[in-house]
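Produce the complete structure using the sequences and hints provided.
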Amino acid sequence: MPEGSTKDGIGASVRRKEDKRFLTGSGRYTADISRHGQLHVHFIRSDHAHANIKSIRTDAAAKADGVVAIYTGEDVAADGIGGPICGWVVTNRDGSPTNEPPHPILANGSVRYVGDHVVAVIAETLQQARDAAELVEIDYEVLAPVVDLASASEGVQIHENVPNNMYFDFELGDEAAAEAALAEAATVVELEVRNNRLVPNAMEPRAAVAEYDPVDEAYTLFTTSQNPHLTRLVIGAFMLSIPESKFRVVAPDVGGGFGSKIYVYPEEAVCTWASKKLQRPIKWTADRSESFLADAHGRDHINKVRMALDANNRITGLRVDSLANIGSYLSAFSVVTPTILHAPLLSGCYQIPAIYTNVKGMATTTAPVDAYRGAGRPEATYLLERVMDAAARQVGMDPAEFRRMNFIPKDAFPYQTPVALQYDIGDYEAPLDKALEMIDYKGFEARRAEAAKRGKYRGIGLSSYIEACGIAPSAVAGALGSRVGLYESATVRVDPTGTINVMTGTHSHGQGHDTTFAQIVADKLGVDVGQVQIIHGDSDKTPFGMGSYGSRSLAVGGSAIAKAVDKVIDKAKIIAAHLMEAADSDVVFADGKFTVAGTDTEKGFGEIALAAYVPHNYPHDRLEPGLEETAFYDPLNFTYPSGTHIAEVEIDPATGVVQLVDWACCDDFGNLINPMIVEGQVHGGIAQGVGQALMENAAYDENGQLITASYMDYCMPRADDLPDFKVDYTVTACTHNDLGVKGCGEAGAIASPPALINAVIDALSPLGVTDMSMPASPEKVWRAINEAGKAQAAE
Amino acid sequence: MYQTNYVKAASTDEAVGHMSSGGQLLAGGMTLIPTMKQRLASPETVVDLAGCGLSGIEDTGDAIRIGAMTRHVDVAESAVVQGAIPALAALAGGIGDRQVRNRGTIGGSVANNDPSACYPAAVLGLGGTVHTNKRDIAADDFFTGMFETALDEDEMITAVSFPKVAKAAYLKFPNPASRYAMVGVFVAAGGDGTRVAVTGAGSDGVFRHGGMESALDGDFSASALDGVAVDSSDLIGDIHAAPDYRAHLVREMAKRAVDAC
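The listed protein sequences correspond, in order, to chains Z and C. Reading the first sequence from the start, the letters are residues 1 to 795 in our numbering. Reading the second sequence from the start, the letters are residues 1 to 261 in our numbering.
Source of the hints: derived by calculation from the structure; they are not laboratory data. One should not assume that every hint holds.
List of simulated lysine-lysine pairs, DSBU-like, C-alpha gap at most 35 Å [what the hints assert, rightly or not]:
| id | chain 1 | residue 1 | chain 2 | residue 2 |
| --- | --- | --- | --- | --- |
| 1 | Z | Lys-593 | Z | Lys-571 |
| 2 | Z | Lys-790 | Z | Lys-442 |
| 3 | Z | Lys-780 | Z | Lys-442 |
| 4 | Z | Lys-63 | C | Lys-37 |
| 5 | C | Lys-37 | Z | Lys-276 |
| 6 | C | Lys-37 | Z | Lys-54 |
| 7 | Z | Lys-456 | C | Lys-167 |
| 8 | C | Lys-37 | Z | Lys-20 |
Which chain C residues stay away from chain Z? Per the calculated CB distances, all over 12 Å, these [to be verified]:
| id | residue |
| --- | --- |
| 9 | Gly-22 |
| 10 | Asp-97 |
| 11 | Asp-140 |
| 12 | Gly-218 |
Keep in mind it's a predicted model, so treat the numbers as computed, not measured. All C-beta atoms, glycine included, are put in the ideal place defined by N, C-alpha and C.
Here you go:
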């Protein structure tokens, strides 16, 4: 437990320190950064989903006003520039490796999606670059696109080394056991679901400013990244062959990412490469259209689910066969998301003795698909919580009670699932019970009847989820195909005056780390949060860290900070013992003071800090001067947040409009550091889940053109689409990190889509409706009502 | 955006003069500016109408006359409009979002005749009159097709007049993404009978629905519309709504508009 305590410490809803700059428009984003003499690059992107490049004529463009350089894939190849690598691969069912095609940063020979980067036009101004781009003539030989996921294996082959357009063919679990359970089942529940494709839509579009210093022979790249150290590693070591010591990557304020800013994209690599070639800084800022076309999209699975129940309605087996749309190239975490982050979650909160899953990762001529808020866990949770409702309906049980009887009991932890994970701790009934009470589950039928009098169909839907955060340990991840470690780092530097700088390897792009991390330090050291400065996002300032994604920052990064603070306290105690002429073991640290047990002798934390830097009276025989400690923390296990979300909807049968009228959720995130920030994360996650369930859908036409390429057609959730959320928590503290924390960033987006779709189906179930795909748009719901009405009339 | 020249006209005559030399009129810019930013429009000159003195709302006795450059927010908040034709004020208050309503103008909306815009439904539904620098054009003659109007090359809207009617209402089913009208129906009952104008749905833009008008002339009630057929063959189909769903919504929004009258 934390040693100190202050009113701003762990558990306090401290207002976010970073909001002053954000709310006053003073945030400093990549696009706000301009370097002296900078040039601007405009990328000519493919208009075709799939084509061979026959020729590119740039002579007219090269003569246009202000043009400094025009680069194509041939220039990239001539300089031996590599493409972005896939950060995690898997072994196929037959033992072969993932098929990894090349991904040139400017297309070389072929284009494979609308938005693919073909030519970089660099000019004195952006206007001049765009004008010149219109003079570039590209002659394409158009090839057949591959758009439909279900039939992608039959389409024209997209990459030379990806036969049948299949990047990988992954499996996990015991197929024979799952099939046996299904064969012996009293009830088999079958369901096919589609996890709709999403555009990430971070508020800030991607951007990059790269600068080369010929004196130091060093590069600086400012970029919109969730993990600047990984960007440096990938671009430096794998793409441009820049020594890491000569390459600084800075991710300043970043306006949201949701996963899409984890990956290295061609644009920032082109800027970095060209900055040395031209000896001028190069700047690029995506416009919103480019964000739609070329940010890595999310989700896009087809899952065929079969669940076995015994005569007592206990789950005995589960089989899931999935197709995952990976798109045109392998983005960094595109392979791990539908496999390692998906398949091990298929046990959910439930005791399921036999599970088997096969996931085929398919190439299509669409934008690359990668991790998006939740990354694999939303897809797993969606299919599982949908089939749980389908099963309850099939056997005539209340969906809450059906879940309860199949929950892993709270005395069964640690619990080994048949799909690799070992859950350390949990209590799934507690949040279920609380959420049921919060929404007045017992009173629902009365509300349904009342709504019916107003001509509305009212429905209620549950989702009891588990997720896995803070991917770990690194050794296990490595064995499973990860090419990176998954620890986190922190340096805690105490200044002579007692103020504290914390350098973290995580990256805040909206999560409020400046505040949450400061609270951990303030709590442990007994100082005010105002004394603690969090520094992140600059590879020259922070120790090597893995960045922020997968709700890992607190559980892994926060734990590294806590460890570093503990080292500081351990050292400070020795200094204090020396100054107070006491034995180390007699010194107690609490409330920011070092005291000698049984005496009134005490030293403040600030006094010790000063003594460490002005070591006139100092235990030089035992300690070095200074008070600065670094810790790396590699977790022993994932953390396992869980909980229950319940949605209540009303449907207008005349229009098909689904109105979300109530929402209750009870989550178990372990200990909470800042409940206000946690609640904000829950709200945002639910909003994104509501978007996926009711509104959002990235749609390509049969030619591979993105038809939802702007907000005119891509529907985002808005505040007035959402009810007031009822949010509460239960706590089972994580057993393997000192803070007892689990992570909260993605839970809302993971839990909410199935709760909402289950509610829609429940509302329509009196009509005989048993299925609804996402997004449950007004037209789709109206058709379901109409068709159900026709079917009933025919009976 | 391409390079373009900007002039701010001080009068209607000056603005019309620029039109003859290829100038593109700029009212609120809610369509033109985004289109230019996308490089889908490249006028050599944009002619800003903000200095032409075309803003204002006037009660002319049996009608309300609204200057072409009057912003949606001004119509929505006008006590004159709210008192005389509350449905028109409500329609203006439901266009776009706050930012759009603070810039967008009635003249720009009517001249553009976007098939999903709200104002054309009010002009046609109320049987209004479009005043230009050359003439007065009856609503029934003004809207000639999607993004097409009866305006000549050298003609610009100066004001729009709306007759006061006994009762009227506008009901919109917004496109879930853009919140333009996916279907909007304006119903007005006045001395000359009932008018029903539909926006958002027609392949040729805003249109009147004769079947619903006759039904309502016989019995001004929502149930009178139950049996009225709405032909889907001329309606828009897109990823948000196929023609048959739009046809259903036309009748549904009309019924709700009648109920709201």
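Quick rundown of the hints versus the structure:
A threshold of 35 Å between alpha carbons decides the hint, and for Lys-593 of chain Z with Lys-571 of chain Z the separation of about 14 Å falls inside it, so the pair holds. At roughly 32 Å between alpha-carbon atoms, Lys-790 of chain Z and Lys-442 of chain Z fall within 35 Å of each other, so this suggested pair holds. Taking the CA atoms of Lys-780 of chain Z and Lys-442 of chain Z, the gap is near 30 Å; set against the 35 Å cutoff, the hint holds. Proposed proximity of Lys-63 of chain Z and Lys-37 of chain C is supported: the alpha carbons are some 24 Å apart, at most 35 Å.
The hinted pair formed by Lys-37 of chain C and Lys-276 of chain Z meets the criterion: a straight-line CA distance of about 31 Å does not exceed 35 Å. Distance hint between Lys-37 of chain C and Lys-54 of chain Z is fulfilled; the C-alpha atoms sit about 30 Å from each other, no more than 35 Å. Pair hint Lys-456 of chain Z plus Lys-167 of chain C holds up; C-alpha atoms about 28 Å apart against a cutoff of 35 Å. Between Lys-37 of chain C and Lys-20 of chain Z, the direct Cα distance comes to roughly 32 Å. Compliance with the 35 Å bound is thereby established for this hinted pair.
At roughly 20 Å, the least C-beta separation between Gly-22 of chain C and chain Z is larger than 12 Å, which holds for a residue marked as non-interface. Distance to chain Z contradicts Asp-97 of chain C as a non-interface residue, since its nearest Cβ pair spans about 10 Å, not more than 12 Å. The beta carbon of Asp-140 of chain C is kept farther than 12 Å from every beta carbon of chain Z, the shortest such distance being approximately 29 Å. No beta-carbon of chain Z comes within 12 Å of the beta-carbon of Gly-218 of chain C; the shortest separation is about 23 Å.
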